[in-house]
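Chemist: Protein chains in written order, with my numbering: chain G, 1 to 618; chain B, 1 to 100; chain V, 1 to 183.
No wet-lab data here; the hints were simulated from the structure.
Just so we're clear, the structure is a prediction, and the values are computed from it rather than from any experiment.
Even for Gly, the Cβ is constructed at its ideal location relative to N, Cα and C.
Any given hint could turn out to be false.
[Stated by the list, open to error] Partner residues are not named here, just some residues of chain G that face chain B (Cβ under 8 angstroms, in silico):
1) A41
2) V574
3) N592
4) S594
5) L597
6) V601
[Unchecked claim] Label pairs and their in silico Cβ distance ranges:
7) B:V68 to V:Q130: 31 to 37 angstroms
8) G:I606 to V:G63: 34 to 40 angstroms
9) V:K25 to B:S94: 15 to 21 angstroms
10) B:S89 to V:G127: 17 to 23 angstroms
11) G:Y614 to V:A70: 42 to 48 angstroms
12) V:G127 to B:T3: 22 to 28 angstroms
13) B:S94 to G:L558: 25 to 31 angstroms
14) B:V68 to V:V4: 29 to 35 angstroms
15) B:T3 to V:T59: 28 to 34 angstroms
16) B:S94 to G:I606: 27 to 33 angstroms
17) G:Y614 to V:K25: 37 to 43 angstroms
18) B:S89 to V:Q130: 21 to 27 angstroms
19) G:I606 to V:Q130: 23 to 29 angstroms
20) G:I612 to V:G63: 37 to 43 angstroms
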Amino acid sequence: MEKYVYIALFAPLLSSLFVALFATRPKILFMGILASLLIGASMISSFILLFYVNAHGALHVKMMDWISAGNLEIPFGFVVDQVSVIMMVTVTFVSTIIHVYSIGYMDHDKSFNRFFSYLSAFVFSMLILVMSDNFVGLFIGWEGVGLCSWLLIGFWYHKPSAAWAANEAFIMNRIADLGMLMGLFLIYWQIGSFQYDIVFASIKFLDISIVTTIGIFLFIGAMGKSAQFPLHTWLADAMEGPTPVSALIHAATMVTAGVYLVIRCGDIYSLIPHIGFAIASLGAFVAVFAASMALVNNDLKRIIAYSTLSQLGYMFVAAGLGAYWIALFHLMTHAFFKSLLFLGAGNVMHAMHDELNIKKMGGLYGSMKATAILMSVASVALAGIYPFAGFFSKDMILEVAFNEGAYFLWFALFIGAGMTAFYSFRLVMLVFFGEKEHTKYGIHPHEAQPFVIYALMPLGLLAVIAGFFEHAFRGFVTKLLTNYDIQIAHGTEVLLIAATLGIAISGISFAIYMYSRGGFSKTLENRFCYKLLINQYFIPKLYELYIMKPFGAISNFLWQKIDVKIIDFSVDMVAKILYTSGEKSRKMQSGNLSDMLRWMVVGIVILLAVAIFYRPIV
Amino acid sequence: MITLTHYLVLSGILFSIGLAGVMRRTNLLMLFFSTEILLNAVNVGFVAVSKYYGDLTGQMFAFFIIAVAASEAAVGLGLLILWYKRNGSVDLTSLQMMKG
Amino acid sequence: MYEVIAFYIFSALTIGLFTVVVMSKNALYAMSALAGGMIFISGFFFILGAEFLGVVQITVYSGAIMALYAFGMMFFDTTRDVKENIRCKKIAYTLSILSSILLIVILCAPLFSQNIEALYPSIQNAGNIQMIGLVLFTKYLVPFELAAIMLLAAMIAGIVLASKKMEMNLEIDEEFEEAKDVK
């Protein structure tokens, strides 16, 4: 079985390295196909591993000793257990589809090969992240996906906005990674090992305050990667990258790494339920907060990005409250329908010649039936309508909140569900139905290539049926994760489900009703709350005003005053002194022997003077 | 009574005269004369030290210095004549080729 | 007593003659003064009991080297005054006086290494020449042979350098003279 582990892990690396050789060449179609095949091989290995783990339990592979310094022993080992195999399957499955999709999407891009190299490198990093059996490997993967995210957001680096967004994402993640590193150092300091099994076995003997600190620091790392408040601004800006990237990295896989971390460290967080509750509260806040921003935004990809944020909030609620398997389940279903949504959006963007403003679209159903249907399916799944995938996972998260007695959290999530339904269908209505606004701009939309649509089919299918695997999934995952039972009386449960479904359906109906009549009146746009939402609660502005500007001012001060006037000046001074003294003493070398002899005598006089007056310090 | 210091001071004075000549002269032949003065000044010092310390090494050194001076004069004069034939002058200013 | 008188007389003479060497404008005077100075230096050697060196000084310096210079000077025009464009005389004199003062300060200082052990002590009951012979052909044999080779090499070098293209250059000189005469 070990060979499947290695195939799953190293096929993407091979793909990345091989395609990288042709990175600067013009488009070679074979590179895209090769990368897709190799990722496909990785996916098949992951599925084989899934069945193996299901039948025989977890697989632990130690490839080699990696770091061995003093007391620090870190093997290059991988663990394929119930959690990591689920992540592997999700990641490789979505990646394969996105690789195939990208062959069509990046068709006209001149950096076609480079894109596939980066994308495969990302898959490799993500697999390292989920498969590693120790925190250091996890951190390496963590940084690897951060790097690939930076490369891919800034893929069109000639656009200043893309370069800016890439740097923003990278820097925000660095801030969070510092927190994570602190957590790792604390773990090593207290326990003396980075291995998961050792750490989780001995964490309960530690002082509760230290466990709390570790938990907080690790969650700071998770916050950065999963774009939780207040480090959330980078995710919306990351939409500058190519759409397949948004689908793979900023919706389905990388941003869920934070959730994965919390699930993986479930043994730590179950010791500190108060931190868990704080995580859940933050998750609920982000769920509503991000959904509210999605309500009014007009940028196709940003709406979906905010939706991702909001769904990540849901996952954190479940993970924070200890329902790890539910969080993982939502992570998986969300990966399916959110990547489908993004890829559909990519089709729309292509059809609209990279126009992103949904107010300028409309009536695309006529020309893009397949995409419209797929996106509607994804939206319904996102809104959480029975029997689509989102219903099962999201509804359970609400039940968890109710079950824990956190009625306020439940209510927030409940409102969030309504908002989700509304903005999803606002998007669908504005893009695919209503007035054909795009004709004013002379755009003639066309459907994507057939193989692109076929590539999306499996995702569409899973967005519909993934929910029915709930019981199998639960049975599989809870072999490793602590089980979580929802103990609500049957009547209440039905009532809750009905209420959730009701608010989702009413959100959908409201959206359909309003936008089939031409949307809201323009006067609403002058209201304060609209302005608040469209400006993202002014948070980017606040960051700019209170963090970036002072930081810029300090940097400017250091540059202008300290660097230029002191450091550069002293360095220049040395050069200047040498230069001018050289210039002056150049005259000594007149070539006249008489002058040289005189200088020689000067030297003799100086040496004699030294011989007389110098006394060595004894 | 004449002591070692007397001889050494004399040697120093002669050496300084030689130095003055080396710096003052621009005629190459005269420069050679000045270097002979320098060598002789040093010889006096060596022989004096040899005498007052009862050690023959100083005299040996003076002997070898004379040998070196002889060969220096032979080679130097040969070069000087060659230079004179080529340039018609033995002045230092005619040698001024390596300017910094 | 006569040693003191001899020392001062020789000192005055050598200093004077060497000053003439340094200052004189006429190359012939300078050379004659140098030869005289050399002979008086050999006087010091005799006073100091180094008879062999004194003899060598006279034969090699005053005889061989000065003769060599004299022959060399036959190539140059020695009757004319040496034209020298001396720049910054003051600096030259200041430097030499400064160095002489410093040297004298150093040399007048009491020598504090009193217990110097002679490496090759003078041998009792033997003349200076005998002692030198003993040391030179035992301890200093290799340097002595090397000095011989060096002198041979210098002799060959001197001959080769001085005799290079002799005829050709003489012709040129004659042409030069003829051209002068025509004018």
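Chemist: For which of the previously enumerated hints does the structure constitute a violation, in increasing order of number?
Modeler: 1, 2, 7, 10, 13, 18 and 19
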